[in-house]
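Novice: Now for the letters of each chain:
There are 2 protein chains.
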Amino acid sequence: MEPLPLVCSRYHAAVELIGRRWNGAILRALLDGPARYAQLREAIPQISDRMLSERLRELETEGLLTRHVAADAPVRVEYQLTGKGRDLEKAIMAIADWATRYVPAPALRDSA
Amino acid sequence: MEPLPLVCSRYHAAVELIGRRWNGAILRALLDGPARYAQLREAIPQISDRMLSERLRELETEGLLTRHVAADAPVRVEYQLTGKGRDLEKAIMAIADWATRYVPAPALRDSA
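Going down the list, the protein sequences come from chains D and P.
Those letters in the first sequence? Residues 3 to 114, per my numbering, in order.
Those letters in the second sequence? Residues 3 to 114, per my numbering, in order.
Rather than coming from a laboratory, the hints here were simulated on the basis of the structure.
Small disclaimer: the values here were computed from a predicted structure and weren't measured.
Positions of the beta carbon are idealized from the N, C-alpha and C atoms, including for glycine.
Treat the hints with care, since some could be wrong.
[Unchecked claim] Subject to a maximum C-alpha distance of 30 angstroms in a straight line, what follows is the list of computed DSS-like cross-link-like pairs (lysine-lysine):
hint: 1; chain 1: P; residue 1: Lys86; chain 2: D; residue 2: Lys92
hint: 2; chain 1: D; residue 1: Lys86; chain 2: P; residue 2: Lys86
hint: 3; chain 1: D; residue 1: Lys92; chain 2: P; residue 2: Lys92
hint: 4; chain 1: P; residue 1: Lys92; chain 2: D; residue 2: Lys86
[Unchecked claim] Which residues of chain P face chain D? A few of them, derived with a C-beta cut under 7 angstroms, are:
hint: 5; residue: Leu6
hint: 6; residue: Val9
hint: 7; residue: Ser11
hint: 8; residue: Arg12
hint: 9; residue: Val17
hint: 10; residue: Pro36
hint: 11; residue: Tyr39
hint: 12; residue: Glu44
hint: 13; residue: Ile49
hint: 14; residue: Glu64
hint: 15; residue: Ala98
hint: 16; residue: Trp100
hint: 17; residue: Ala101
[Stated by the list, open to error] Okay, the calculated bits of chain P under chain D, using three or more residues with CB under 8 angstroms as the criterion:
hint: 18; stretch: 18-29
hint: 19; stretch: 50-60
Excised from the complex, chain D in its bound form (with noise of 0.2 angstroms):
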């Protein structure tokens, strides 16, 4: 029996932070742009505000956003993705195709 190359732990690591629940979602929502923090409450509404502040806090840690926060009354926060971030879209992007080839439209599902 053959042995198989080891999966890189790089990857592993990567596929993992990006697919932890809500990060995709909030990187995908990023990629448009920079939101505010109700912007992305919104595009994403399953989403609790204790779960999105953890993983915007978790994904600045991990260097894909960066959190602005403008002096305006009522203050402004204002979270925007890094070049790291960035360049995960190619990635994201794929996923998507991929996704839109193969996973059911929820109208389709519920109906099933």
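Given chain D, work out where chain P should sit, using these hints.
Specialist: Chain P in isolation, oriented as in the chain D frame:
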């Protein structure tokens, strides 16, 4: 404040399926060709038997791989990506490219 487009629920399901713990590693290993259970175990050293069996079942249910049992002695069980699974290659390789660029190599991480 402009509303963002809703994040596509089909993309969201896909990214979390690929990124669910161990799934990305198993899919990567099977892109190199069909593999036996023990070969997958060796390609992903940290995975437990329980998790590998559970994830293989999940990926089979999702239609990403098939399980073949050859009536040899001892019985030989082999796993192989379906067309749907193989079509993830572009996405998986884009994540691997990104990881090569942005995720530190383990040796560097250990010495940090």
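Novice: Is the hint on Glu44 of chain P kept, meaning its closest Cβ partner in chain D is under 7 angstroms away?
Specialist: holds, 6 angstroms
Novice: Would the hint on Val9 of chain P be counted as holding, given a Cβ-Cβ threshold of 7 angstroms to chain D?
Specialist: For Val9 of chain P, the interface hint holds, since the closest Cβ of chain D sits about 4 angstroms away, which is under 7 angstroms.
Novice: Does the nearest C-beta of chain D fall within a distance shorter than 7 angstroms of the C-beta of Val17 of chain P?
Specialist: Hint on Val17 of chain P: holds, closest Cβ of chain D at ~3 angstroms, below 7 angstroms.
Novice: Given the hinted pair Lys92 of chain D and Lys92 of chain P, is their alpha-carbon gap at most 30 angstroms?
Specialist: The given pair, whose Cα atoms are some 9 angstroms apart, holds under the 30 angstroms limit.
Novice: May I ask you to test the interface hint for Ser11 of chain P with respect to chain D, counting a Cβ-Cβ separation under 7 angstroms as satisfied?
Specialist: Because about 6 angstroms separates Ser11 of chain P from the closest Cβ in chain D, which is inside the 7 angstroms limit, the hint holds.
Novice: Any CB of chain D closer than 7 angstroms to the CB of Arg12 of chain P?
Specialist: holds, 4 angstroms
Novice: Should the hint that Leu6 of chain P touches chain D count as held when the rule is a Cβ pair under 7 angstroms?
Specialist: holds, 4 angstroms
Novice: With chain D as the partner, please determine if Ala98 of chain P meets the hint condition of a C-beta pair closer than 7 angstroms.
Specialist: Since chain D brings a Cβ to about 4 angstroms from Ala98 of chain P, closer than 7 angstroms, the hint holds.
Novice: Does Trp100 of chain P pass the interface hint, meaning its C-beta sits closer than 7 angstroms to a C-beta of chain D?
Specialist: holds, 6 angstroms
Novice: Count the residues of the stretch 50-60 of chain P whose CB lies closer than 8 angstroms to any CB of chain D, then report whether that count reaches three.
Specialist: Answer violated; 0 residues pass the 8 angstroms Cβ test.
Novice: Does the nearest C-beta of chain D fall within a distance shorter than 7 angstroms of the C-beta of Pro36 of chain P?
Specialist: violated, 10 angstroms
Novice: Under 7 angstroms is the threshold here; is the Cβ of Glu64 of chain P close enough to any Cβ of chain D for the hint to stand?
Specialist: violated, 9 angstroms
Figure legend: structure checked against the earlier numbered hints; hints not met, in rising order: 10, 11, 13, 14 and 19.
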